[in-house]
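*Asks:* All chains, please: the whole structure from these sequences, using the hints.
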Amino acid sequence: MLGLKKYLQKSFLYWLSKRIPAGRSVALNHRNIFIFPSKSGFVFLLISVLVWLLGTNYQSNLALLCAYFMFAIFVVGLHHTFSNLSGLTVTGLSSQAVFAGDDCGFDIQLQRAGSGNYESIILQWPQGRAQLVNLQKDSKLQTRVFCKTTKRGYCYPGRLLIESYYPLGLFRCWTHLDLKVKGLVYPAPINAGPLPKDALSLREGGAVATDGGEDFIGLKNYQHGHSLKHIAWKQYARGQGMLLKDYCDYRSHQLWLQWEALPGMAREARLARLCYWLLQVSKTEECYGLRLPKVEIQPNSSLQHKLKVLQALALFELETDNAD
Amino acid sequence: MLIKQMPRQSLFWVFVAQTIVIAPHLTHLPEWIILTWLLILGWRIQMYRGLWRSPKPIEKVALVALCGVGLLFGYSRLFALEPMVGLLVAAFLLKLLEMQQRKELLLVIFIGFFVTATQFLFSITLAATVYGVISLLLLLVALVSANQDVRIDNSHATVRKAAGLMIQSLPLMLLLFIFIPKLGSLWNVPSLKNAAKTGVSNSMSPGDFSRLGLSNEVAFRVTFDSELPRQSQLYWRGLVFSNFDGRRWSPISDFSRIQDEVLWAVDNTEARSNTWQMRPIPGRETRYQVMLEASQQSWLYSLPMPIEWKGATGLSRDMTLLSKNPITERLTYELVSTLNFEFEPERLSSLGKFQATQLPLDFNPKTQQLALKWLREEGSAKGLMERILRLYNDKFTYTLQPPTLGRHSVDEFLWTTQQGFCEHFASSFVFFMRSAGVPARVVVGYQGGELNPLDNYLIVRQKDAHAWAEVWFQGQGWVRVDPTAAVAPERIEHSLEASLSSADVGLVGGFMGRAGAFGWVKHLQLQWDASNYRWQRWVLAFDRNRQNDFLKHLLGGLQPWRITLAFISVAALCLAPIILRLLWLQRPPPLSPVARCLLRFERKLKKLGLVRRKGETLGNFATRAAEHQPNYREQFMLIAKLYERVVYGEDNAGMAALKIRVSNLKL
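Order-wise, the sequence lines are chains A and B.
Under our numbering, the first residue of the first sequence is numbered 20, with each subsequent residue one higher.
Under our numbering, the first residue of the second sequence is numbered 2, with each subsequent residue one higher.
These are calculated hints, taken from the structure and not from any lab test.
One or more of the hints may lead you astray.
What the hints assert, rightly or not - Calculated cross-link-like contacts (lysine-lysine; reagent style DSBU-like; alpha-carbon spacing at most 35 Å): (1) B:104 x A:37; (2) B:104 x A:199; (3) B:607 x A:156; (4) B:615 x A:253; (5) B:615 x A:24; (6) B:61 x A:58; (7) A:37 x B:615; (8) A:25 x A:253; (9) A:159 x B:607; (10) A:167 x B:607.
Fair warning: this is a prediction, and the values are worked out from it, not measured in the lab.
*Replies:* Below is the structure:
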């Protein structure tokens, strides 16, 4: 039974992928919108039939007119519900990276071509909460639709359900879009206590240098008390905010987040603990690096560096997994 | 969750719609339902305001049980229309208290549609229709707002949207109404209780007609296809009374027993002419449609003598028009009458003669003696008739407030009080003639009617109810004699009001009748009646026969393929504007002049097989095109340069140049 259900689901998805090909940006029209009476719509039809029976049996033309009015409303409502999706262009924008278990938000843009209002449109990923949006004054709207994540790696949210019952609730108009978006999911950090002593390694033969010389390695956020000398004025002028040019000086020691520091643990357990340490360390000003089997990232302390390390943790030994 | 939540503003609209929908039923709903309604509405409003909690399950069960008990014991008949509506309204109310989710809200609104439809079974006037339309609109507003985002609260837009939907549905509704075949009742349905019989009844005692004279209610309306007959010709014949018990006049027998004395087929002219001696004299045929209000009786009104009729209608031996079923709802029928005719001119059967001369002998002794004496003095029935009519003319008063009469009512009226209304004159006249052995009978119906000049039809009201007489003469047959015409000719020539004293006129037709004395009120009344009549003739009277006639006339036949084809094509016509409008709203905004120039340029180059690639700038494209077509190199480059200047430099002067360059480009 379960097998059959899975098979049907799979063939439905295959059919969908042919019918509505994946794309970053999809314009909704009669080719990719489905419409069918909702449960309430069937109840409404049933009641209009009852009214018709009432009018027929009592030979009351007014009751008959009432029944025909209900039927006419049903037909007119169909067109209105359909045009409440048709004419929209849906575009998948960026997504933010999250830790496994959190909801990953995908930015979706809805844009209308004409001037008609679009109301009460529901956006929902298969594993996520529904989001209700209206497109009334502006011709463009951006919203964030969340999807549950369970494990690290790339989160492929599947097909976005876009549906609407507006204006009468008698019809359900919907579509499933593959917007070719994916979100990065970091391992969920697990408290592993303080960083072990052997993560600290002295730099060979280096003399301690002060701020000011040395290798420029990137930018990091300005914090109160930093020397004005190191502010990245060029970036500031471009409106990117107060950033500091970061120089990795020849400090006496460096931190290494290492695979070997957690012997005997499973892969995911190790990554979760490394992630925890990483978050702890990145709060300080220390430079840190990452050593995983076949992966090594040189120590640094910038924001980009942190993201790079997190990404390495998220995708470790996964590239091949996702290929199929 | 946001999606399943009930929007607050929609709850408000449901309150409003429900109140409006239930209000017309208040007249026949029992008091306890009204109390329940107030309780539930109050509770729900308090919940809406956040002051009260929602009902506990036990309270809901108690309410449902109470309503059930009320329905079971509150109605004398369970299988009738009223208890059914009561049940529906109770469900409508209880659901209101119970609903928590959006879909339940929708259900409440849907039940509202049904309750609105039942309202039309109780009243079908134009006013009731307008009220029903408002109810439907409010239900639609509630429905739209139930499907709106909880966070949006723009009642204006909601009402506009609902009204738009309503207007767009009307053509399709009319189309369905016209084209979908009308079936008769599919099964027997319980009818309305307490439908009072109105108008002329099947017996006549003193005082009956003067009471009707107070009523301004419409009895029927008539549209003439040909010229309107003179007012004095408009005797709307209803029933014939031959039995008299001293006080009350009634027909010979029950209708159920004279069914075999009724001709149901129109084409049986020979039987009518030979056996029944009903002989039309050609020349004055008139065709007319009568729309009779529900009288709960089973006879119809016609101008004598009807020669053509349709449907479940038959002509009885005494020339009354009968319907197979009681008239429980407004009925429209079409007739042809001839105003010149002879009725039983040759002979009266002995039974007929006996029926037309019988009298209760122990009543009105003075009249019986005087009639015989006068007959001897005058020598002929005609002379006797003229003498009594002269007496009416000289001595009698026509009034709505006659003195009450005792046991010998005719004696007292003829020789003492000498004041009366039409039933006194008809009754005393027939009694007098019968006393002298002349066959005579009382005929009741309506006389005259008011012409509505706005739509050229006749309104006959209850105050036009009238009683007159028919006297039989050898060689002439039955002749209409109206003793009222002898005393108050204005009543026949004009109207009731014209014939009465000023004290009596104030009584006619109740308040509305009195208000009619003002010209503009009268005009408004006529206007309103004309719209009502039009509404009833064109919409309410559109029954199966009319539908068939109309479709046959329109389509040239009633074959299913014709109807289907016509339906589909007209339905498409109805829906096309809606679809086009919706598409129009979706159209992309018009291209800017620059974009149009660019498009034109690209189209020109496409003819040469040069297509701009995705992401290729116009400059690059122009360069590439120039390599292909070195002759046009300068033109291409100039266009590209102008384009860039207009787009990035916002150079309006360049726009004109660009336009000229592009249109002058000939490849």
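*Asks:* So, against the hints stated earlier in the document, which numbers end up violated here?
*Replies:* 3, 5, 8 and 10
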